[in-house]
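Work the whole structure out from these sequences, hints included.
2 protein chains.
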Amino acid sequence: MTNLTLALDAMGGDYGPQVTVPAAVQALRLHPLLDLILVGDESQISPYLANLPAEFQSRLSVIHTTEVVRMDDKPVTALRKAKNSSMRLAIELVRDSKADACVSAGNTGALMAMAKVILKTLPGVDRPALVSCLPAVTGKPVYLLDLGANVQCDYDTLFQFAVMGTVLCEAVEKKSRPKVALLNVGIEEFKGNSDVQQAAQLLMHTPQINYTGFVEGDEIYTGKVDVIVCDGFVGNITLKTSEGIARLLVHQLKQGLTQGFMVRLLARMLAPRIQNVLSQMNPDHYNGASLLGLRGIVVKSHGNADEQAYVQAISLAYTEAKRRLPEMINDRLASILLDINS
Amino acid sequence: MTNLTLALDAMGGDYGPQVTVPAAVQALRLHPLLDLILVGDESQISPYLANLPAEFQSRLSVIHTTEVVRMDDKPVTALRKAKNSSMRLAIELVRDSKADACVSAGNTGALMAMAKVILKTLPGVDRPALVSCLPAVTGKPVYLLDLGANVQCDYDTLFQFAVMGTVLCEAVEKKSRPKVALLNVGIEEFKGNSDVQQAAQLLMHTPQINYTGFVEGDEIYTGKVDVIVCDGFVGNITLKTSEGIARLLVHQLKQGLTQGFMVRLLARMLAPRIQNVLSQMNPDHYNGASLLGLRGIVVKSHGNADEQAYVQAISLAYTEAKRRLPEMINDRLASILLDINS
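Residue numbers (my numbering), protein chains in the order written: chain A, 1 to 342; chain B, 1 to 342.
Calculated from the structure, these hints are not laboratory results.
One copy or any two copies: either way a pair holds, since identical chains are not told apart in the list.
DSBU-like mimics (lysine-lysine), calculated; alpha carbons at most 35 Å apart, straight line: (1) Lys140 to Lys191; (2) Lys224 to Lys74; (3) Lys98 to Lys120; (4) Lys191 to Lys98.
Shown next as C-alpha cells:
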C-alpha cells in the first residue's frame with residue numbers, strides 16, 4: 001500500500017502554525033503511511049520543525065506562501081483575491097492529485113466557496129454539505145448535516161444529503177445500513193414544511209437508504225439514529241445552540257458548586273471527574289467537519305482547535321482518503337439515481 | 001380593582017385534573033384577586049375539590065363537559081369535531097369575555113388552531129406566535145419566538161414577532177426597551193436567508209423596537225439580548241435540541257460520578273447541590289408558553305407539567321391578563337404601522 005498525502009493549510013485557524021505544525025508531527029507518528037504537505041509561511045512554520053525526527057523528514061514538505069485568507073474575509077473576496085493563499089493552494093493540491101485530501105482551520109465560508117469552485121461537485125450533487133459528529137447517550141457518534149453550507153435547501157438537496165451522510169457513516173464508522181432521519185418539528189407525517197415532507201417521500205421510496213422517519217430536536221443526542229439531515233440554517237443553529245446550552249450548564253454547575261465551604265471542598269475533590277465528563281462533551285473531541293459532495297476531500301477544523309483537536313481533523317481526512325469517500329458517494333448516488341429513473 | 005377570571009382546560013395534559021385542580025387551588029392562594037373556571041369532567045374534577053377551603057369556594061366554578069381533545073388528534077380534527085371539548089369551551093369563555101385568559105396543557109397544535117379560529121388575530125398580525133422563556137447565564141430570562149406555531153415565516157411575520165416579543169417582555173419583565181435580535185447563522189449583515197435579511201432591514205428602521213442585530217445559536221443562553229426571533233421550524237428545533245443536550249449532559253455527569261467508590265461517595269454528598277443546579281435548568285421552571293397576536297390570552301402549559309409548573313403557567317396568564325397584553329400589542333403594532341406608513 002502506498003502512502004497517502006494530505007495538504008494542510010498551516011496558516012488557518014486562530015493559532016496558525018503554532019497548532020497546525022506540532023499537530024502535523026503528531027499525525028505522522030500516529031499514521032505511518034501518511035505524508036504531509038504544509039502550505040504556508042515557511043518562516044513561521046520552520047521554527048516548529050526544528051526538532052523534527054529524521055525518519056519524518058522525508059514524509060513532510062512545505063510549500064511556501066505568505067498570502068493568508070483572514071477569518072473576517074467575505075467568501076467572495078477570498079475567492080477573487082487570495083489566489084496564492086495557503087487555503088487555496090492546499091485545495092489546488094487536491095484538485096491536481098498532488099494530495100489525497102486537505103485540512104484547514106480557516107474561514108469556513110471562504111473554504112466552502114473555494115472548495116466548490118476549485119474541486120467542483122460530483123455529478124448529481126447540487127450543493128456540497130458540511131457534516132460533523134455529535135456525541136450521544138449511546139456513546140456512538142451521530143452525524144448531522146448540513147451545518148451551514150446551505151442556508152436554503154429544497155427537498156432534492158435534503159435527499160442528496162441523506163445519501164452522502166449514509167455513505168460517510170458507513171465509511172468512517174464501518175456501520176452497515178446506518179439509520180437516517182430528517183430533523184423536523186414533530187414525528188407525525190403531516191408535520192413540518194413542504195421540503196422535509198417531500199424529502200421524506202423520496203427517502204421512503206429509496207430502499208438503498210435506511211430511512212427511519214422524522215426526529216425532533218430532543219432526539220438528536222439519544223443516538224436513536226446515526227445520520228440526521230436538515231438544511232444549513234437549522235443545522236448551524238442546532239449545533240451552536242447545543243454549544244450554548246452546554247456552556248450554560250457548566251456555568252450553573254460551577255456557580256452551584258462554589259457556594260458553601262463543604263460544597264466547595266467536595267467539589268474540588270470531584271473536580272477531575274467532573275472535568276473529565278465535560279471534556280467528553282467538548283466539541284474538540286469531535287473536531288473535523290467534512291465537506292461532502294465534492295470531487296475531492298476537504299476537512300474543516302474548528303478555528304480554535306488545539307493541537308489534539310487538530311490531529312483529530314487530520315485523522316478524519318486520512319480515513320476519508322483511505323476509503324476514497326468521494327468515489328464511494330459518487331457510486332452510491334449513481335446507483336440510486338439509476339434505481340429512481342428505472 | 002376587580003378580580004380577574006381565568007378559564008382552565010382542566011382535562012388537558014398528561015395528568016389532567018390530578019395536576020390541574022390542585023394547581024388551581026394553589027393559584028387561588030397565591031393570587032387573592034384571581035377567580036378560576038375549571039372546564040372539564042365534573043366527576044373527575046370534584047374529588048380534588050373535596051377539601052377546598054370555604055373562602056375559595058366563591059372564587060372557583062366548574063363548567064362540566066366530558067368531551068376532550070386527545071394528545072394525538074390532528075388540529076383539523078379537533079377543530080371540526082371537538083365542539084364541546086374542555087379546550088374549546090375554555091377558549092370560548094375568553095372570546096365571550098367570561099374569562100380574561102385561558103390555560104391549557106393539552107395538544108399544542110389543536111390549541112393553536114382553535115385559538116386562532118375562535119379568538120382571531122389582532123389587526124396587522126398575520127399569524128399568532130408561540131413564545132416562551134429560556135434560562136440565561138445572567139439569571140434573567142430570554143424570550144424566544146416562534147416556537148413552532150408557524151413552520152414557514154416571511155420577513156413581515158418575523159417583524160411582527162419582534163414587536164410582539166418586545167411588548168411581552170416589557171409587560172412581564174417590566175423591562176423598558178428590551179434588546180431584540182434575529183436568530184441567524186452568523187452575525188455579519190450578509191449572513192442568512194433573504195427572510196432574516198429583510199426582517200433585519202425593517203427592524204433597523206423601526207426606532208420603537210430596540211433591534212440589536214443577529215445572534216447565533218450559542219448566544220441564546222448568554223442573556224446578551226432579551227428577545228430572540230426566528231421562524232417556528234427553527235425555534236421548535238432550537239428549544240428541543242436544548243432539552244436534548246441538557247439531558248445528555250446530565251446522563252454523562254451521572255455516569256461519570258458513579259464509577260469508583262470515593263467518587264460515588266463524594267457525589268452522593270454533593271447530590272443535593274447538583275440536583276438544585278439541574279432543577280434550575282428544568283423547563284418546568286419556565287413553564288407557560290404564550291400564544292401572542294390573538295384577541296385574547298392563551299397560555300400553553302407543558303403536557304407533562306407537574307403541579308408547581310402548572311401554577312407557573314396560571315401565574316403567567318394572570319400577569320398577561322393584568323397587563324392587558326393583547327391591547328398593549330395592538331396599540332404598539334398600530335403605532336409602528338402608522339410610523340412606517342407616514
